[in-house]
Each structure stands twice: as C-alpha cells, then as structure tokens.
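Residue numbers (my numbering), protein chains in the order written: chain H, 8 to 444; chain U, 8 to 444; chain V, 8 to 444; chain R, 8 to 444.
It is worth saying that the hints were derived from the structure and are not from the lab. Among these hints, one or two may not hold up.
All copies of an identical chain are treated as equivalent in the list; a pair is satisfied when it fits inside any one copy or across any two copies.
Claimed, not checked - In the SDA-like style, the derived pairs of lysine to any residue whose C-alpha atoms are separated by at most 25 Å in a straight line are:
| # | residue 1 | residue 2 |
| --- | --- | --- |
| 1 | Lys325 | Cys219 |
| 2 | Lys325 | Arg50 |
| 3 | Lys325 | Arg290 |
| 4 | Lys59 | Arg174 |
| 5 | Lys408 | Glu109 |
| 6 | Lys317 | Glu279 |
This structure is a prediction, so every number in the text was calculated from the model and none was measured.
Number of protein chains: 4
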Amino acid sequence: MRQKLLSLVSAVLPTVVATRRDLHMYPELGHMEFRTASRVARRLRDLGYAVKVGRDVMDPDALLGLPSAEELEAAYRRAEGEGADPEFLPLMRGGLTGVVGEWRTGRPGPTLAMRFDMDCIPVAESTDPDHAPFTGGFASRHPGEMHACGHDGHTAIGLGVAEIITRIADDLCGTIRLLFQPAEEGCRGANPMAEAGVVDDVDFLLAAHLGCGVPSGHLYTRIDGLLASSKLDVTFTGIPAHAGAAPHMGHNAVLAMAQAVQGLYAISRHGEGTSRINVGVVRGGTGRNVIPADAYMQLEVRGATDQILKYMEDRARKVLEGAAIAQEVELSISVQGRGLSSQNSPELAALIAEEAAYVPGLTVHNAGHVTGGSDDFTVLAARAAQRGAQTLYMVQGTDHKAGHHTPRFDINEADLQHSLAVFALAAARICGRPSPV
Amino acid sequence: MRQKLLSLVSAVLPTVVATRRDLHMYPELGHMEFRTASRVARRLRDLGYAVKVGRDVMDPDALLGLPSAEELEAAYRRAEGEGADPEFLPLMRGGLTGVVGEWRTGRPGPTLAMRFDMDCIPVAESTDPDHAPFTGGFASRHPGEMHACGHDGHTAIGLGVAEIITRIADDLCGTIRLLFQPAEEGCRGANPMAEAGVVDDVDFLLAAHLGCGVPSGHLYTRIDGLLASSKLDVTFTGIPAHAGAAPHMGHNAVLAMAQAVQGLYAISRHGEGTSRINVGVVRGGTGRNVIPADAYMQLEVRGATDQILKYMEDRARKVLEGAAIAQEVELSISVQGRGLSSQNSPELAALIAEEAAYVPGLTVHNAGHVTGGSDDFTVLAARAAQRGAQTLYMVQGTDHKAGHHTPRFDINEADLQHSLAVFALAAARICGRPSPV
Amino acid sequence: MRQKLLSLVSAVLPTVVATRRDLHMYPELGHMEFRTASRVARRLRDLGYAVKVGRDVMDPDALLGLPSAEELEAAYRRAEGEGADPEFLPLMRGGLTGVVGEWRTGRPGPTLAMRFDMDCIPVAESTDPDHAPFTGGFASRHPGEMHACGHDGHTAIGLGVAEIITRIADDLCGTIRLLFQPAEEGCRGANPMAEAGVVDDVDFLLAAHLGCGVPSGHLYTRIDGLLASSKLDVTFTGIPAHAGAAPHMGHNAVLAMAQAVQGLYAISRHGEGTSRINVGVVRGGTGRNVIPADAYMQLEVRGATDQILKYMEDRARKVLEGAAIAQEVELSISVQGRGLSSQNSPELAALIAEEAAYVPGLTVHNAGHVTGGSDDFTVLAARAAQRGAQTLYMVQGTDHKAGHHTPRFDINEADLQHSLAVFALAAARICGRPSPV
Amino acid sequence: MRQKLLSLVSAVLPTVVATRRDLHMYPELGHMEFRTASRVARRLRDLGYAVKVGRDVMDPDALLGLPSAEELEAAYRRAEGEGADPEFLPLMRGGLTGVVGEWRTGRPGPTLAMRFDMDCIPVAESTDPDHAPFTGGFASRHPGEMHACGHDGHTAIGLGVAEIITRIADDLCGTIRLLFQPAEEGCRGANPMAEAGVVDDVDFLLAAHLGCGVPSGHLYTRIDGLLASSKLDVTFTGIPAHAGAAPHMGHNAVLAMAQAVQGLYAISRHGEGTSRINVGVVRGGTGRNVIPADAYMQLEVRGATDQILKYMEDRARKVLEGAAIAQEVELSISVQGRGLSSQNSPELAALIAEEAAYVPGLTVHNAGHVTGGSDDFTVLAARAAQRGAQTLYMVQGTDHKAGHHTPRFDINEADLQHSLAVFALAAARICGRPSPV
C-alpha cells in the first residue's frame with residue numbers, strides 16, 4: 008500500500024507543480040481568492056468530491072477583517088477575466104472564498120480533515136535574475152501581490168492529495184474532508200469556517216506549512232511556540248477645533264492615541280509565559296492647525312497560552328477605554344483576526360512520524376520546531392480538539408532563498424512531493440480499511 | 008469727620024503695631040489659629056462687639072483641607088500654653104477658627120463687611136542681621152512657621168479698625184461686620200464661612216492685601232488677575248504583586264499616576280483666557296520589587312474665570328478617571344481648597360479711591376494691580392455679589408525686602424496706618440449717618 | 008484729490024470684480040499660483056510697472072513647505088493650459104510664484120509697499136443654490152481647491168490699486184511697490200520674499216484682510232492678537248523588527264511619536280501670555296506585526312509674542328529630542344512655515360483712519376480687531392520694522408455667509424471698493440507730492 | 008569517613024540551633040550586620056581559621072546601596088550594646104561587614120569556597136501564638152527587623168560547617184574558604200566581596216538557600232530561573248517656579264519622572280527570554296503650587312540571561328536620559344544592587360547529588376528548582392566561573408509556614424542538619440586527601 012501511494016505521488020507530481028505555478032502567477036489576497044477557490048472547487052467536483060463553498064462553509068457573521076466592498080468587487084471582476092469557474096464564483100461573492108471537498112467512502116470509519124490555505128500577501132515579487140518564478144516565467148501577474156508564504160504550494164498539494172485519494176478509494180473507510188481556507192494571513196479565514204462547523208465532527212485534523220526555516224528534506228511533526236494572537240483595529244473619534252482660537256473646544260483623538268500607545272506597550276509582562284504587544288500602524292488628524300478628531304491604530308497582542316492572550320487583550324481594552332475617557336473621545340474596537348496557541352496531539356505526531364519514515368529522502372523529526380509566528384489553523388484545531396479530535400500542525404522543510412513575506416521568497420519544488428507523500432500516507436493510515444493495514 | 012478718623016488712626020497705631028508683632032511671634036498655620044482667633048474674639052467682645060466663633064460662623068460640612076486630628080490637637084495644646092483665650096478656645100476645637108464680630112448701630116443703614124485673614128505659612132523665619140523681626144526680637148517662636156505673607160498685619164489692622172469704629176459709633180448707621188478668616192493659604196477657610204452665611208446679607212464687602220509687589224505709600228483699589236483655583240488631593244489604590252514572579256497580578260498605581268501626570272499637564276489651553284495646572288507633590292509605592300499599589304498626588308488647577316476653572320477641573324477629573332480605568336486601580340479625589348476669580352465693583356472702587364485720597368502720604372491708583380496668585384476672598388465675594396453686594400479687593404503697597412512666602416519677607420510697618428485709614432474712611436463713608444457726611 | 012481717487016475707484020471697480028471672479032474660477036494652492044502670478048506680472052508690466060518675479064523676489068534657500076516636485080510640475084502644466092502668461096511663467100518654475108511691481112515716480116519721496124496674497128486652500132467649493140459663485144457661474148474649476156479665504160479679492164484689489172496709481176502718477180513722489188505674495192496659507196511665502204530683501208528699504212508697509220468676522224462696511228485699522236507661529240514637520244526613523252519573534256530588535260518610531268505627542272501638549276503654559284501647541288497630523292508604521300520604524304507628525308506652536316513662540320519651539324524641540332533618545336530612533340525636524348506676532352504702527356493707523364473716513368459708506372474703527380489666527384505678513388512687517396519702517400495690517404469687513412476655510416465662504420463684492428479706496432487714499436497720502444495735499 | 012561526618016553533624020547540631028536562635032533574636036539589615044559579623048569572625052578565629060574582615064574582603068569602591076551614615080552609626084552603636092566582638096567590630100565601621108575565614112591544610116589541593124549570607128529584612132515579626140520564634144522566646148528584639156528569609160539558618164550552618172572542618176582537618180588537603188556575606192537582600196553585598204577578589208582563586212564555589220517552597224527533607228542540587236537583576240536609584244533635578252505666576256520658568260522633575268515611568272514599563276519584551284521592569288517607589292515635589300524640581304525613583308530591571316539584563320538596563324538608561332532631556336532636568340542614576348543569572352556546574356551538581364544521597368532522611372533531586380527571584384551569589388559565581396571554577400547554588404527544602412519576607416516565616420530547624428551534612432560531605436569529597444576517599 009505504501010509503495011502504491013509513493014508511486015501515485017510520483018504520478019501526480021507534475022500536475023501539482025503545474026498547479027502551483029499557475030497559482031503563483033495569479034496570487035489573490037485574503038477573502039479575494041475568487042479565481043483560486045472557484046477553480047479548486049471545480050477540480051474537486053470533477054474528481055468526484057462532494058463540494059461546498061461560500062455560505063455553506065463560512066459563517067458570514069463570523070467574518071474578520073474583510074476587505075472593503077470596492078476591493079472585493081474589483082477582485083471578483085478580475086477573477087472573472089482570469090479563468091474563475093463560473094459555477095462556483097457567484098457563491099463566493101463578498102469574500103466567502105472557502106471550499107470544502109468531502110470524500111465519503113460510505114464505509115464506517117474515522118473522519119479525517121486536512122487543511123490547506125490559499126491566500127497571498129501584498130508584496131511585489133522580485134525580478135532578480137536568480138529568482139526562479141521570474142526566470143521561469145511564472146512570476147506574479149498581479150502587481151503588488153505575491154505568493155511569498157508558500158500557500159500556492161499548500162493549495163497545489165491539497166489538490167494532489169485529493170487526486171491520490173480517489174485512486175485508493177477502495178482501500179479507504181470513513182470520510183476524508185479537504186478544507187481550503189482563505190485569508191490565513193491576518194488570522195482571519197479560519198474563524199468563519201470554524202463557526203460554520205466544518206471541523207465539528209472530525210476525529211483527526213492535519214495541516215502543514217512549507218518552509219519556516221527548516222531545510223529541504225526535513226519534516227518536523229510539530230510546530231511549537233505558535234503564539235495565540237488577537238488583531239484589533241481601533242479608532243478614536245473626537246471633536247475638531249481650531250488649534251489657535253479655540254483649542255479647549257477640541258476632543259483630541261491623537262492625544263488619546265498617544266496615551267493608548269504608551270499604555271499598551273506598558274502592559275505588564277505576564278509571569279507565566281511569553282506575551283507580546285505591538286501597535287504596528289497609526290494614523291490621525293486632518294490638518295496642522297486643527298485639534299485632531301480622528302485616530303486609527305492597528306494593533307496585535309499575543310500570548311504563549313490562550314490565557315495569557317486573554318490577559319493581554321483584556322488589559323489592552325482597559326488601556327484603550329481609559330485613554331478614550333481621559334480625552335472624552337469615542338472608542339471603537341474591531342477584532343480583525345484571532346489565532347490561538349498550538350495544541351498538537353503527541354499520539355497523532357507519533358503516527359505521522361511512523362508513516363513519514365517511509366518517504367524516501369525525507370528526514371523525520373518527531374519534535375517541535377519553534378516559531379514565533381501565528382497561524383489561525385489553531386482556531387480550527389482548538390474547535391476540533393474541544394470536541395475530542397486529535398490535531399497536528401507540521402512543518403515541511405524547504406530551502407527558501409529569502410525569508411517568508413519578502414520579494415525573493417521561493418520554495419524548492421522538490422519538497423512538494425515530500426509533503427504530498429506525508430499527507431497521502433497519513434490519510435491511508437488513518438482511513439485505511441482495517442484489513443489491509 | 009475725616010480729620011477725626013485720621014487722628015484716631017494715629018491714636019490706635021501703637022496698639023496695632025504691638026498686636027502685629029505679638030502675632031508675628033506666634034504664627035499659626037491654617038485652621039490651627041487657636042491662639043490668634045481666640046484672642047481676636049476676646050478683644051472684639053471686650054470692645055463691645057457681638058461675637059460669634061466656631062460652628063456659628065463655619066459650616067463643618069464645608070471644611071476643606073483640614074489638618075489631621077493629631078496636628079489639630081497639638082496646635083490646640085500649644086495655644087493653651089501660649090495665652091489663648093479660655094472662653095473662646097474650646098469652641099474652635101477641631102479647626103473651627105473663624106471669628107465674626109458685628110457692630111450693630113441700631114440705626115437703619117447698609118451692612119458693610121470687612122475681611123481679614125489670620126493664618127501663617129510653613130516657612131522657617133530668617134535670622135539675617137538685617138531682618139527686622141529677628142533683630143527686633145519679635146521673630147517667630149514656632150520653628151518652621153512664619154507670618155511670611157503679611158496676615159499678621161491684616162489681623163492687627165482688623166482689630167485697629169474695630170477699635171476706631173467704637174470711637175465713632177454715634178456717627179454710624181447700619182451694621183459693620185468684621186470677618187476674621189482662617190486658612191486663606193490653600194484657599195480653604197473662606198468656603199466654610201461662606202457656607203455658614205456670614206456674607207449673605209451684606210451690601211458691601213471689602214478686603215485688602217499688604218504687599219504684592221506694590222511699593223510703600225501706594226494703594227491700588229483693585230487686585231486683578233486673581234486666578235480661580237481648585238486644589239485636589241488624589242489617591243490611586245491598586246493591587247501589589249511580586250515584580251519578578253507575578254507582575255501581571257499587580258494593578259499598578261504608580262503607572263496610573265504617571266499617565267495622569269502626563270495627561271494633566273497636557274490638558275489643552277483654553278482659548279478664552281489663562282489656565283494653569285500643576286502636580287506639585289507625588290508619592291507612591293512601598294518597595295523596589297513590588298508592583299506599586301498606592302500613589303498620591305497634590306494638584307491644583309486655575310483659570311482666569313470661574314468657567315475656565317470649571318473646564319480645567321472637569322478635564323482633570325476625566326484624565327484621572329481614564330488613568331484609573333486604564334490601570335484598573337481605584338481613584339479617590341478630595342477637594343482641598345477652592346478660590347474663584349476676582350469680581351471687583353467699579354462703583355465701590357471709585358468710592359474708596361475718593362476717600363483714600365484724603366490719607367496723607369498715600370498715592371491712590373483707582374486701577375487694577377495684576378497678580379497671578381489666588382485668594383479665597385473671592386469665594387466670599389462671589390457669594391455676596393450673587394446676592395447683590397458690591398465687593399472689592401484692594402492692594403495696600405508696602406516695601407517688602409523679600410518675596411511673599413520667603414524667609415526674609417517683612418512688611419514696612421509704616422504702611423499699617425495707610426491701610427487702617429483706608430478701612431476707617433471707607434466704613435465712615437458707607438455707614439456714616441446721612442446728616443454728617 | 009480725494010474725490011478724484013474715489014471716482015477712479017468707481018471706474019476700475021468693474022475690472023476688479025471681473026478679475027476677482029476670474030481668479031475665483033482658477034484657484035491655485037501655495038507656491039503653485041502659476042496662472043495667477045504670471046498674469047499679475049503681465050498686467051503690472053502692461054500698466055508700466057517695473058516687474059520682477061521668481062528668483063529676483065524670492066530667495067530659493069528660504070523657501071518653506073514647498074510642494075513636491077511632482078505637484079509643482081502638474082500645477083505648472085495645468086497653468087499652461089489655462090492662460091498663464093508665457094513670458095513670466097518659466098521664471099516661476101519650481102514654486103517661485105512671487106511678483107513685485109514697482110512704480111517709480113522719479114521724484115524723491117518715501118517708499119510705500121503694499122502686500123496682497125494670492126493662494127487658495129484645499130477645500131471643495133459648495134454647490135449650494137445660495138452660494139453666489141456657484142449660481143453666478145464663477146465657482147472653482149479646480150476640484151478640491153477654492154478661494155475660501157478671500158485672497159482672490161486681495162489680488163484683484165492689488166491690481167485695481169495698481170491701475171489707479173498710474174492714473175494719478177503726476178501727483179505722486181517716491182516709490183510705490185506692490186508685493187504679490189504666494190503661499191500665505193501655512194505661513195510660507197513671506198519668508199523667501201523677506202529674505203530676498205523686498206521690504207528692506209521701505210518706509211511704510213501696508214496690508215489688509217477681507218472678512219475675519221467684521222461686517223460689511225466696517226474697517227478696523229489694526230488686526231491684533233495675531234499669534235506668532237512655527238510649523239514643524241517631524242519624522243522619527245527607527246529600526247523595524249518582527250513584533251512576535253524579535254521585538255527587542257526594533258527601535259520603535261511610533262512609541263517615540265506617542266511620547267512626543269504627550270510631551271508636546273504637556274509643555275507648560277507661559278506665564279506672560281498666550282501659547283498654543285497642536286499636533287494636527289500623525290502617521291506611522293507599515294504593518295500590524297512589525298515594530299514600527301517610521302513616524303511622521305505635523306505640528307505647530309504659537310505664542311502671543313515672538314519670545315513666547317521661541318519658548319514653545321525651544322521646548323518642543325527638547326521634547327522631540329528626548330523622545331528620540333528614549334527610543335533610540337533618528338529625529339528630523341523641518342520648518343514648514345513661520346509667522347511672527349503683529350506689530351502695528353499707531354501713527355500709520357491714525358493716518359489711515361483719517362483717510363478712510365473719506366470713503367463713503369465705510370465706518371472706520373481706529374482700533375484693533377482681535378483674532379486668534381496667524382498671517383506671515385508679520386514676517387515682512389518684522390523685517391521692515393527692524394529697519395525703521397512703519398507697518399500696518401488692517402481688516403476690511405465683509406459679510407461672509409460662512410466661515411473662512413469652509414466650502415460656502417464668500418465675500419460681499421461691494422466691499423472690494425471700500426478696500427480699494429482705502430489703499431488708494433493711503434498711497435496718495437503717503438506718496439502724494441507735497442504741494443497738492 | 009562519611010559516617011564520621013554524619014556523627015559530627017549530630018554533635019554540632021545543638022550549637023547550630025542555638026546560634027540560629029541567637030541570630031534570630033538580633034537580626035540586622037544589610038551592611039549593618041555588625042553584631043552578627045563580628046561574632047562570626049570571633050568564632051572563626053577561635054576555631055583556628057585565618058580571618059579577614061572589612062576592607063580586606065570588601066572593596067569600598069564597589070559598595071552598592073549603602074545605608075546612610077546615620078543609619079550605619081546607629082546600628083553600630085546598637086551592636087556595641089548587644090555583644091558585638093570588640094576586636095573585629097571597628098574594622099567593619101561604615102558597613103564593611105563581610106567576613107572570610109580560611110582553613111589552610113598546608114597540603115596541595117583544590118580551593119573550595121562556601122558562601123553564607125547574614126542579613127535580615129525590614130519586616131515586623133509575627134506575635135501569633137503558633138509562630139515558633141515568638142512562643143519559643145527567640146523572636147526578634149529589633150522592632151521592624153526580622154530574619155524572615157532564613158539567613159539566620161544560613162549563618163548558623165556556616166559556623167557549624169566551620170567547626171566540623173576543624174575536626175576532620177587531618178583528612179583534608181587544599182584550602183577551604185568560608186564566605187560570610189552581608190546585604191544579600193537588594194543584591195548588594197556580593198559585589199564588593201567579588202571585587203575584593205575573595206573568589207578569584209577558587210576551584211569550587213558552593214551556596215545553598217533554605218526554603219524557596221521546597222518541602223522539608225528534599226534537596227534540589229540546582230536553583231534555576233534566577234533572574235539577573237539591576238537595582239537603580241534615579242533622581243531628576245529641575246528648577247522650581249510658581250505654578251500660577253511663572254510656570255514656564257520651571258523645569259519639571261515630576262513630569263520627567265512620569266514620562267520615564269511610562270517609558271520604562273513600555274520597554275519592549277525581549278524575544279529570547281524573560282525580562283522584567285518595575286518602578287517600585289517614587290517621590291517628588293515640595294508643594295502644590297510649585298512646579299516640582301525634584302523627583303526620585305527606585306527601579307529594578309531583570310533578565311533571564313545577563314544579556315537580556317544588559318538589554319533592559321541599557322534601554323532603561325536611554326529612557327531616563329530621554330525624559331531628562333525632554334524636560335531639561337538633571338539626571339542622576341546610582342546602581343544600588345546587581346545580580347546575575349544562575350550558572351550551575353552540572354559536574355559539581357552530580358558530585359553533590361552523589362554525596363547528599365548518604366544523608367539520612369534527605370531526598371535528593373539532581374535537578375533544578377525554578378524560582379523567579381534574584382540572589383547576588385550569582386555575582387560571586389560569575390566571577391569565579393570566569394576564572395574556571397565550578398559553581399553551584401542549591402536549595403535545601405524546609406517546610407515554612409508562611410512565605411519568605413512575611414511576618415510568619417519560619418524554618419523547620421530539623422532541616423539545618425540536612426544542609427549541614429550536605430556542606431560537610433561536599434567539603435570532604437572535594438578537599439579530601441586522595442588516599443582516604
């Protein structure tokens with residue numbers, strides 16, 4: 008069986024590489040993956056999957072950090088002109104770009120879900136002569152947008168795994184559900200999918216990230232140190248006044264913001280583990296001689312545990328409230344994203360490690376790779392784990408020439424087959440029919 | 008009549024000088040003028056005045072910035088040993104050191120009130136060889152306390168005027184009320200006297216200050232630019248925690264204070280006139296390695312008008328509230344003193360100027376002398392003015408060798424007679440029987 | 008002579024109104040008055056004036072708050088297409104849009120300068136049916152730009168005065184110099200003209216502003232309470248870092264800005280007069296999860312006197328320096344504008360009042376009208392006054408339906424003739440040949 | 008040999024207990040251990056040790072956080088009256104209360120140093136009926152001072168070990184040096200001893216702490232998580248001014264402090280490990296109506312590594328500097344204490360664990376016990392380790408009824424013999440003559 012799977016991996020690999028390059032050419036930002044998602048849905052249905060998209064897999068009330076209506080519409084129009092699937096596209100209008108494909112064996116057995124993320128980031132791709140996508144002719148055709156975090160690879164792997172599953176269908180039992188998630192950047196897309204219940208009945212939930220500083224040919228079964236995080240947008244709204252003639256008539260939103268910035272960074276460290284806070288973007292005021300009546304901040308808090316995150320967010324809200332009261336301005340806070348800390352199942356990790364050992368050329372570390380980043384896979388994982396599932400987030404190494412989120416980021420395509428194989432072996436192990444294993 | 012008055016001034020002057028020197032030797036801080044006030048009451052009664060003290064002239068619920076019970080008691084004991092009047096002293100226990108003496112002519116006529124303040128300040132008197140009280144042997148016998156603002160002179164003048172009035176009683180009509188006020192420093196003593204109603208029925212209210220930078224032999228009929236002020240004591244109470252092991256458990260009162268201090272000074276200037284703010288004293292915390300759970304501030308706000316003062320105090324309270332909320336600490340604010348802006352009657356000023364012109368050696372300016380200070384005479388004046396009275400606060404110049412509130416401050420005693428004469432002439436003019444004038 | 012002048016005023020008035028409406032249709036922002044200024048220069052030369060523009064009347068090293076090269080070039084191109092004068096336009100390239108026209112009588116006598124400002128402000132003009140420029144068909148043709156401060160009237164008056172002078176040339180002696188200044192908004196354009204020496208040899212310097220809340224038909228000879236001001240742009244430049252993984256590597260420019268904002272507003276009030284401070288615009292940071300490495304502020308300080316302004320600016324610079332040091336970020340400050348306090352000559356005011364009394368329908372107040380604004384005419388006035396000139400800044404009232412700098416601002420054109428007459432009479436009085444007066 | 012040692016432990020135990028109780032009755036604060044230290048020196052010399060005290064074992068230039076001259080002198084006088092040793096006492100005047108006793112075997116061999124700390128803390132001892140020192144009659148006789156951290160036990164153990172060593176002298180080689188350190192609280196006393204060179208030539212350095220939450224009968228060979236720390240006293244000195252009349256003349260030290268407090272707490276977390284900051288005590292200003300010209304802060308920074316500590320202290324100094332510059336006040340910083348992070352030798356820990364296993368009733372954990380506190384033993388350890396020594400800081404458990412530094416803290420005296428035995432066995436193992444082991 009494992010040999011058969013490894014052969015299938017080799018067989019689908021060219022398609023996976025081609026898909027990855029196609030996606031790389033047409034990167035789409037979070038909640039605007041209209042072309043990507045509609046084509047993913049098309050492909051899944053063509054393969055025989057039960058496919059749901061849009062409102063069926065994303066709770067509209069749980070959307071976070073949605074782009075503006077204008078941005079959404081412009082992206083939608085662009086996708087129409089770039090080969091989006093006409094059947095699924097309309098269902099995704101307004102940013103509902105999640106896709107779930109389900110393979111039901113009809114035989115009793117566990118439910119395994121695997122998650123792949125699809126969005127790109129707002130970076131202009133490099134035109135360096137040693138940047139493979141550029142010289143290979145598959146660089147981004149969308150100025151200022153780029154797959155600089157490897158999600159093109161993730162999505163291509165997901166579709167490759169989808170195909171392999173159809174080829175071993177007779178040997179499987181239970182249900183295999185493939186989750187294609189939008190808007191992982193900013194920790195936004197998982198929340199509406201979780202709230203729509205897409206992992207509520209799963210027994211196992213898997214995901215992997217390419218890169219993260221791990222070299223080609225190495226697999227870490229666990230990513231550790233993912234900090235739980237909340238991303239908040241804050242506005243203060245005051246009352247303008249002429250700064251020379253009547254400064255006392257103003258309610259100063261920029262001063263509120265300044266007090267808040269200081270107060271936020273001054274939130275006490277937590278004695279039980281890592282905490283973080285950052286006010287990454289600020290804006291305020293309209294003119295030099297007007298007491299500024301508006302101010303805007305993008306901030307994030309993080310914590311080593313969900314409890315520490317809660318402490319940080321609670322304290323941040325108090326600091327913001329205090330600043331608003333002090334300056335007598337209105338305060339509005341909106342949650343733009345939320346990630347939780349990582350919760351990996353040691354049992355599932357051991358099982359994956361066992362299977363991954365059969366992948367030629369892959370060195371397996373059943374250990375945690377530490378990162379300081381965030382991924383809202385944790386939101387799906389927490390929801391599934393609460394209901395008894397085993398969850399795991401792996402790292403598939405790949406030599407990347409430049410850091411994630413930089414213009415020269417690129418994956419080593421040779422690692423696509425490693426990741427493909429790990430997912431396929433995992434699926435066969437977990438949902439394999441009792442006899443053959 | 009004016010000649011007679013000027014003769015009487017000369018006659019009582021030696022007593023006035025002696026009284027001033029006696030008071031200079033026994034200075035008493037605000038609300039602790041037990042010796043001073045009880046002896047003033049004694050003297051007034053001996054002269055035939057209807058005398059009220061304590062609770063009858065001060066509303067206990069309206070007291071501001073009272074010293075501690077220990078301080079009050081110690082001062083009381085000291086006064087007992089230094090010649091306080093045994094009849095009046097007990098009525099003043101607890102800081103009720105106001106005195107009102109009333110001369111009722113029995114003839115219909117206006118009610119004129121004149122106010123004199125009695126308290127000293129916490130300054131150690133100079134022992135320089137050119138400091139007259141020291142070389143003259145009447146320097147303060149109370150270490151760290153000194154009449155460095157001229158109130159010894161004010162009280163002595165008040166008693167001199169009291170005596171003169173008895174000598175011209177037959178020529179008077181209406182009522183003359185002499186108000187001896189405690190605790191002018193810190194703008195405290197006027198409030199409980201005003202609330203007790205001591206000026207509610209007056210038609211004219213007068214006061215004068217010695218010095219203020221005006222040279223000997225000059226009278227300004229009005230003091231202008233007195234800023235209204237509020238004096239607030241503030242405490243923040245948080246929760247302590249070990250700064251190394253569990254800093255997140257702390258609710259940091261010193262951090263609240265720091266935010267408040269910055270926010271207070273940053274309260275916007277007022278477009279319509281002068282405003283002021285100061286946090287003059289701060290304290291907080293118990294140990295280097297404990298998140299500080301207590302903090303204390305003494306602050307004051309001022310304004311050119313009562314409205315600007317209100318703006319400053321309202322804004323300050325919001326800033327304090329915001330700081331408390333941001334750090335999740337308790338906030339307590341207590342008013343320690345309050346003064347209003349000056350409201351001088353031009354008509355009364357003109358009348359005084361007319362009379363003062365008869366005082367030999369006195370140059371009269373029917374004009375405002377500008378100062379940046381505060382005096383809670385304004386609290387009495389505002390109350391009286393609301394009820395229709397004309398009020399006036401004058402400056403009697405005197406060459407003072409060093410600034411008010413400094414160890415070498417001293418008045419030129421030659422100016423006592425000028426001030427004495429102005430009050431006496433004013434009384435005779437306002438309450439003179441119709442015929443003789 | 009006065010009658011002749013008043014007749015001339017009536018004669019030129021239709022042209023003045025037409026000019027004002029033409030300028031109103033083609034408003035241009037500061038330093039981009041290419042059409043306005045080149046046509047002013049053309050007209051002056053056609054009238055026989057000695058005309059200088061560009062580098063001859065503006066010191067390029069003393070320019071403040073210049074728009075970007077792109078903005079300047081776009082405005083230049085636009086002016087080319089809207090009837091700019093082809094001879095003068097090239098000399099103004101790069102923002103050198105000042106014009107000086109000089110009438111030299113050839114007879115010995117005083118030098119009188121009169122200043123008119125030409126720039127508009129960035130406001131979108133009203134399309135209300137009761138907004139006269141809109142219904143009259145002469146509303147702004149430049150979206151987002153509008154003569155909402157009356158400078159169209161000022162410039163038209165200046166050209167009207169220019170014409171009248173040519174008609175009474177035989178009766179004049181000395182020199183009359185007309186200064187057409189760019190970029191009054193933001194207090195920018197006067198500085199390079201002053202530094203170029205355009206008022207260094209004048210004996211008298213006059214200007215007037217329309218409106219300022221004074222009703223139609225009233226003239227105040229002096230504007231008082233102009234606050235001296237400095238306008239500063241500030242940037243902090245730090246070092247970015249990943250806010251989750253390596254926050255300690257960042258040098259936080261937004262935190263420096265926050266500390267600066269608080270510190271700036273907290274600069275102590277000045278005991279000797281009005282002071283102001285405002286941070287009107289702030290921006291900083293690039294992404295939520297990046298320690299922000301850049302921050303930008305637009306601020307201004309003001310003072311009732313040049314000394315108070317200096318105090319405020321000195322203190323502000325210290326606060327900024329301290330914030331930069333505390334966060335270990337780079338600080339850069341650039342002066343974007345500077346105005347001084349007003350210095351009006353009482354003698355010149357009296358002379359103007361005398362002449363203005365002859366203007367029919369004009370009520371003259373030889374008194375100060377108080378405003379809280381700023382105007383960099385004060386920079387020219389200070390330079391001239393230092394060299395012995397008498398200077399004066401008047402207010403010509405006009406009923407304006409809405410406030411200065413708002414979309415519905417409009418002047419009452421009937422007041423153009425009043426202002427025209429006052430300038431003409433002043434010129435004739437000051438530079439009239441000795442005999443005829 | 009081990010049996011002999013355990014017998015000796017039993018033999019000296021009563022004396023150790025008696026010594027501990029005597030010390031408990033006469034607790035002395037840091038640098039004022041005049042009675043304690045002089046009697047320790049006496050005892051060591053009586054036992055035959057080479058004893059050095061005062062200037063010979065403490066570098067006066069390296070003293071940190073010394074009490075005031077008045078406090079030192081008062082404590083000295085008190086010690087004279089409570090049985091201080093008259094020979095050694097004068098050498099300790101001024102706070103030089105360190106003692107070093109050296110046992111030189113005369114035979115070649117390693118140099119082993121063991122450190123014991125002697126100071127108490129400013130806590131008033133409990134008078135609860137279940138507080139053993141109180142009911143046992145050996146509670147503190149010094150109001151407000153108490154051995155509430157177990158140093159009385161440490162010192163008593165040190166003297167017990169000293170005696171045991173003399174009894175096994177023939178079996179030893181090399182040198183055993185006993186360090187009795189003052190002022191461990193506040194991390195002060197180790198620095199001047201280290202700078203005096205007392206550990207420069209040692210091969211092994213040992214210390215232990217009683218308690219720390221470890222129960223009776225348990226030994227942890229390593230204390231982990233000791234945070235490196237610096238304790239700083241900070242003063243800002245400005246210029247006072249009258250807050251009403253001339254606020255602009257003031258240079259506000261309290262405002263500088265407020266900015267510093269906010270800036271200090273806002274120092275960024277360190278990405279590589281735990282950091283801490285606290286401003287535990289603040290004071291400032293002299294009167295409500297005076298711009299405050301003085302401010303004082305006690306602060307501390309901590310870090311998981313010496314590098315993180317350095318980051319925190321460097322950043323803190325910049326924040327303080329920036330605040331001083333912003334307000335134009337003088338800044339003065341004095342280091343009051345310094346501790347480093349822990350550096351334990353695994354080899355030495357293993358060796359101790361091996362020996363401790365022979366102690367009856369003691370459960371040995373060759374593992375780290377984590378604490379969030381600080382101890383300046385780390386300063387001695389860092390100095391010794393730099394020169395090649397192996398160093399180790401152990402925790403001897405003891406059931407303590409209440410937390411360290413609280414009024415009801417008490418050790419279980421039964422654990423004294425455990426600690427005594429561990430030190431004795433360690434000494435015999437390290438400095439045992441080659442043959443007998």
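Here's how the hints hold up against the structure:
When the C-alpha separation of Lys325 and Cys219 is checked against a cutoff of 25 Å, the pair qualifies neither within a copy, at 35 Å, nor between copies, at 34 Å. Taking the shortest Cα distances, Lys325 and Arg50 never come within 25 Å of each other, neither inside one copy (48 Å) nor across copies (59 Å). For the identical chains of this complex, Lys325 and Arg290 are neighbours both inside a copy (21 Å) and across copies (24 Å), given an alpha-carbon limit of 25 Å. With identical chains, the CA atoms of Lys59 and Arg174 are at most 25 Å apart within one copy only, with a shortest distance of 22 Å there and 85 Å across copies.
Taking the closest pair of Cα atoms, Lys408 and Glu109 never come within 25 Å of each other, the shortest separation being 36 Å inside a single copy and 60 Å across copies. Both within a single protomer and between protomers do Lys317 and Glu279 lie at most 25 Å apart by alpha-carbon distance, with minima of 13 Å and 22 Å respectively.
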